[in-house]
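Trainee: Spelled out, the chains give:
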Amino acid sequence: MSAVDLGGLRLAHPVLNGSGTFDAIAAHRVFGDALLEEFPFSAYVSKTITLEPRDGNPPPRLWETAGGMINSIGLPNKGLAGYLEHDLPLLAALPVPLITNVMGSTAEELTALVEAVDDRDEISAVELNVSCPNVKTGLDIGADPGSLAAVLEVVRPRTRKPLIVKLTPNTADVAAVAVAAEAAGADAVSLINTLRAMALRPDGSGAPWLGGRTGGMSGPSIRHVALAQVAAVAARVQIPIVGMGGIQSAAHARQFLAAGATCVAVGTESFRDPATGARIAATLAAHEA
Amino acid sequence: MTAGFGRRPVLVTGREVMGPYVRLAVHDPGGEISAPGRFHMLAARDGWGGGEDERPYLPRALSPLRCDPAPTGGGVVVEFVLHDVGPGTHRLCALRPGDPAWLLGPLGGGFRPAPAGHRPVLVAGGIGVPPIAHLAGTLLGRTGMQEPFVAAGFRDRAHAVAALLLPGEAAVATDDGSAGHAGRVTDLLEDALDADLPSTVYACGPGPMLEAVRRICVERGVPGQLALESPMACGFGACFGCVVPLVEGGYARVCVDGPVLDADRLAEVPA
Numbered sequence: 074m075s076a077v078d079l080g081g082l083r084l085a086h087p088v089l090n091g092s093g094t095f096d097a098i099a100a101h102r103v104f105g106d107a108l109l110e111e112f113p114f115s116a117y118v119s120k121t122i123t124l125e126p127r128d129g130n131p132p133p134r135l136w137e138t139a140g141g142m143i144n145s146i147g148l149p150n151k152g153l154a155g156y157l158e159h160d161l162p163l164l165a166a167l168p169v170p171l172i173t174n175v176m177g178s179t180a181e182e183l184t185a186l187v188e189a190v191d192d193r194d195e196i197s198a199v200e201l202n203v204s205c206p207n208v209k210t211g212l213d214i215g216a217d218p219g220s221l222a223a224v225l226e227v228v229r230p231r232t233r234k235p236l237i238v239k240l241t242p243n244t245a246d247v248a249a250v251a252v253a254a255e256a257a258g259a260d261a262v263s264l265i266n267t268l269r270a271m272a273l274r275p276d277g278s279g280a281p282w283l284g285g286r287t288g289g290m291s292g293p294s295i296r297h298v299a300l301a302q303v304a305a306v307a308a309r310v311q312i313p314i315v316g317m318g319g320i321q322s323a324a325h326a327r328q329f330l331a332a333g334a335t336c337v338a339v340g341t342e343s344f345r346d347p348a349t350g351a352r353i354a355a356t357l358a359a360h361e362a
Numbered sequence: 011m012t013a014g015f016g017r018r019p020v021l022v023t024g025r026e027v028m029g030p031y032v033r034l035a036v037h038d039p040g041g042e043i044s045a046p047g048r049f050h051m052l053a054a055r056d057g058w059g060g061g062e063d064e065r066p067y068l069p070r071a072l073s074p075l076r077c078d079p080a081p082t083g084g085g086v087v088v089e090f091v092l093h094d095v096g097p098g099t100h101r102l103c104a105l106r107p108g109d110p111a112w113l114l115g116p117l118g119g120g121f122r123p124a125p126a127g128h129r130p131v132l133v134a135g136g137i138g139v140p141p142i143a144h145l146a147g148t149l150l151g152r153t154g155m156q157e158p159f160v161a162a163g164f165r166d167r168a169h170a171v172a173a174l175l176l177p178g179e180a181a182v183a184t185d186d187g188s189a190g191h192a193g194r195v196t197d198l199l200e201d202a203l204d205a206d207l208p209s210t211v212y213a214c215g216p217g218p219m220l221e222a223v224r225r226i227c228v229e230r231g232v233p234g235q236l237a238l239e240s241p242m243a244c245g246f247g248a249c250f251g252c253v254v255p256l257v258e259g260g261y262a263r264v265c266v267d268g269p270v271l272d273a274d275r276l277a278e279v280p281a
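Line by line, the protein sequences give chains A and B. The numbering used here puts the first sequence at residues 74 to 362. The numbering used here puts the second sequence at residues 11 to 281.
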């Protein structure tokens, strides 16, 4: 498989992980060095790091759907300081470049996060999670081109590393948001994040099942929604796209590449088989040869 | 001990109906021995989906009844006990010898040895029998150790058939009194702990039972190792879906921090 250029980041093949769908530190403990020898992704995208530590949402956190699942995990993480001290040394030892995903809801938080990440040579690129509410409007930052542009005005000058914006699908016009990201200096966009979804308790009470009330839907049932959004964004921007949403096979990956993605990411399918990314990358390479 | 990376294709080699349960054996040529309390993720290769609400989609976490070297073909034979309670277990119960399946594991951390001089007190509830039976098999007749006390609770006589999977003598309780002690298995646990021998409790069963065992252990200051069950998407720490609350605050992932967790670390066992 030929190398790809993701906004200035050279990668050995086009298959990444979706943020928050693969804990490389836990997986190394479980699978040992076999994980490093057959590392399934050409870059490792961290789960979302916030300035302060988060425990995440109360359980239940999962609901299985027809061809997928809804999660309400709530971005548990050790916070920026904990990430830099405990996780970064382990992630830096992975055999692939590290992309650190960050989320902040204020300019101060974003500045602290991005400056800290920019400062570390072990980190090759930054991915910005904009699926968090604007404190003034209550709308997700990534749902509104103006809000996103305002955030990138803060973030873009603070790092020279490639900056990837992870777009939310929960918006009327994802391509308009992607255009705003490109105009504000993003080096790439990644999409789609999970689709907002809800499950009710099976007892007929009408109460929500998930501890976080609503969650995000992922898995093969959302793949065609993702494909449409990737195609819509590809028609409007020049910067590279990381396409994801329900990819299970090399055939699915090729569809996203054909729709205009430069890279693809595997998420939920890694839950069913952690080696999915390696299988897809190998199949893509074999067909290309 | 680490698990092979990636799920492996396996074949069902045995199936036996035991009352409301199905005992299923799979041959995993690439597998390794699984210690009691560890678990695997199991899915049927074909027809995984299309059941109730077009599920299942995710593999199911199951702690084996036993895991032994395969007589032929290398690797191991892993035996599971299934109870048809939803779309995933329904499909797994329908597997027949020769059917292909996917297996990942062994995963998680199993039961740890009791401190020297402690009597192992094993408590199982319903479909929690398999890992307790697996553990009991490794403890029985071991020299220099206290003989374990084993108790198992079921809703009724029909479900109590699973007590036959426990090696050696086991005390039985049923909720409706149709077999053994009429009442909860925790009654038998409290009687055993009243004997006032230094004891370590090992338990696996439904959430409410484990929560009762957790309270008993904490109130009496007895070490307890609880094998928890939780819905999980992956089994190897990726999804953060299987968490349980800790006394110290925050959550533990059942898959990588457990599934065997100390009673005094848990704030509660979710129902």
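If you're looking for bench data, these hints aren't it; they were derived computationally from the structure. Possibly wrong hints are sitting among the right ones.
[What the hints assert, rightly or not] Reference listing, derived: stretches of chain B covered by chain A, where coverage requires no fewer than 3 residues with Cβ under 8 Å from a Cβ of chain A:
no.	region
1	32-43
2	155-166
3	219-228
4	232-243
5	269-275
[As the list claims (entries may be wrong)] Chain A regions said to be covered by chain B (calculated; three or more residues, Cβ under 8 Å):
no.	region
6	84-97
7	102-109
8	126-134
9	141-151
10	266-272
The structure presented is a predicted model; accordingly, all values stated were derived computationally and were not measured. Where is the CB? At the ideal position from N, CA and C, for every residue including glycine.
Trainee: All hints, please: hold or fail.
Mentor: Verification of the hints:
1. 32-43: Since 0 is below three, the answer is violated.
2. 155-166: violated (count 0)
3. 219-228: Check failed, 0 qualifying residues.
4. 232-243: Three-residue rule met by the region 232-243 of chain B, so holds; n is 4.
5. 269-275: violated (count 0)
6. 84-97: holds (count 4)
7. 102-109: Holds, because 6 residues of the region 102-109 of chain A bring their Cβ atoms closer than 8 Å to Cβ atoms of chain B.
8. 126-134: It holds, with 6 qualifying residues against the three required.
9. 141-151: As far as the region 141-151 of chain A goes, the hint holds, because 5 residues have Cβ atoms under 8 Å from chain B.
10. 266-272: Result for this restraint: violated, n = 0.
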